[in-house]
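Visitor: Modelling step: build the complete structure from the supplied sequences, incorporating the hints.
Order-wise, the sequence lines are chains A and B. Under this note's numbering, read the first sequence as residues 9 to 207, first letter to last. Under this note's numbering, read the second sequence as residues 9 to 207, first letter to last.
Worth double-checking, as some hints may not be accurate.
Note that identical chains are pooled: a pair holds if it fits in a single copy or bridges any two copies.
Derived pair list, reagent style DSS-like, types lysine-lysine, alpha-carbon separation capped at 30 Å [to be verified]:
#1 K58 - K43
#2 K155 - K11
#3 K11 - K187
#4 K58 - K83
#5 K11 - K85
#6 K83 - K43
#7 K43 - K11
#8 K48 - K58
Simulated from the structure, these hints should not be mistaken for lab results. This structure is a prediction, so every number in the text was calculated from the model and none was measured.
What follows is each chain in one-letter form.
Number of protein chains: 2
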Amino acid sequence: MSKGESTRAALLDAAVNLASQEGLGGVTIGRLAEKVGMSKSGLFAHFSSKANLEVEILASAVARFVEVVVSPALKAKRGEPRVVALFQRWLAWGNELTGGCIFVAASVELDDREGEARDALVRTQRDWLETLTTASRSAVSEGHFRKDLDVEQLAHDIYCLGLGHFHVSRLLRDPQADKRVQSAFERLLHDARAHRRKE
Amino acid sequence: MSKGESTRAALLDAAVNLASQEGLGGVTIGRLAEKVGMSKSGLFAHFSSKANLEVEILASAVARFVEVVVSPALKAKRGEPRVVALFQRWLAWGNELTGGCIFVAASVELDDREGEARDALVRTQRDWLETLTTASRSAVSEGHFRKDLDVEQLAHDIYCLGLGHFHVSRLLRDPQADKRVQSAFERLLHDARAHRRKE
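Guide: Shown next, in the form of structure tokens:
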């Protein structure tokens, strides 16, 4: 990594953390310059515009998400173990950045705001849903989950549960949050498993 | 209502809508003044400070939530019909304000920011979870839901599902969002029902 590249990486790290706390809107070039002790003009050399900065922050957050959630989870055994690994690492991701899940923060900001940053965020979330769907599908082909399982529905339900958990744990600070989310996840797995008797 | 009171109510309406789009942070006294065509000093007469304005916005949103979600749903028959009415009206609430659910937007902003507004928001969310818990408990006593149901777990699961749905529908704009959320909710009800066979 050249000096320019490593400065840029350090800047993006700081920006991702700031965005997890304040949202993308809170990361102005001025504010970031202050945080890292650089001049605004120095920062402009790295990120030509606020819109460009937002897209780069999201790309950097995705790279980190892949590194700490997706890649290690994909090493788990195909089938249910991999679905479990993806979910558990996703929950831990909620504590990876200072201000919680940056994608949840950005979702609320960008849902009404058309543009490149929104498009980038939607792609990340679709990718994540697809990762959950694919893992669930391989759990069907491994015989862990039942053959008639609606794998997209399961991915949707896991996704909602994880998003809900970020609210329950970070806003409500419910001491039962972990127990509750695990219990709900266990019920989703139970319903999905192949040995389930017909009711 | 006196003229002062009705002006104040109109201001709060505009502020609640603006907050649903931009978050509480986006509702500055200057911005609100511009939106409603009043002077900043005129607005200061109504809301002494930004912090005070945030608490009033939340209180006003709660009053509206009670009016369009809770009160009509509580008229539904005790038991499962009431749980269903609360959930369905909550989903519709996501389209009540221009920018979606104001409480979801505020959650992301306030989770890391101690203060009166955060405390007020946490109270609203606990009240909502309690409303769901109480309705579920009466569904048990009516014999609609099984006796060994963990009603707090059910309320938690419904809460996560609804929050997740706001992301799936508003950010991802998934055309299947409604079908998916209803299917997940039906599974929660199915698991909760008294006629469920032991597995």
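Visitor: Are the hints correct? Go through all of them and say.
Guide: Hint check results:
1. When the C-alpha separation of K58 and K43 is checked against a cutoff of 30 Å, the pair qualifies both within a copy, at 16 Å, and between copies, at 25 Å.
2. Taking the shortest alpha-carbon separations for K155 and K11, neither the intra-copy value of 53 Å nor the inter-copy value of 65 Å comes in at or below 30 Å.
3. In the homo-oligomer, the alpha carbons of K11 and K187 never lie at most 30 Å apart, since the shortest distance is 45 Å inside one protomer and 51 Å across protomers.
4. Taking identical chains as interchangeable, the C-alpha atoms of K58 and K83 are never at most 30 Å apart, the minima being 37 Å within one chain and 49 Å between chains.
5. With identical chains, the CA atoms of K11 and K85 are never at most 30 Å apart, being 39 Å at best within one copy and 68 Å at best between copies.
6. In this assembly of identical chains, the alpha carbons of K83 and K43 never lie at most 30 Å apart, being 37 Å within a copy and 53 Å across copies at closest.
7. In this homomeric assembly, K43 and K11 come within 30 Å of each other (Cα to Cα) only inside a single copy, at 19 Å, whereas the closest approach across copies is 47 Å.
8. With identical chains, the CA atoms of K48 and K58 are at most 30 Å apart both within one copy (12 Å) and between copies (29 Å).
Of the numbered hints stated above, those contradicted by the structure are hints 2, 3, 4, 5 and 6, listed in ascending order.
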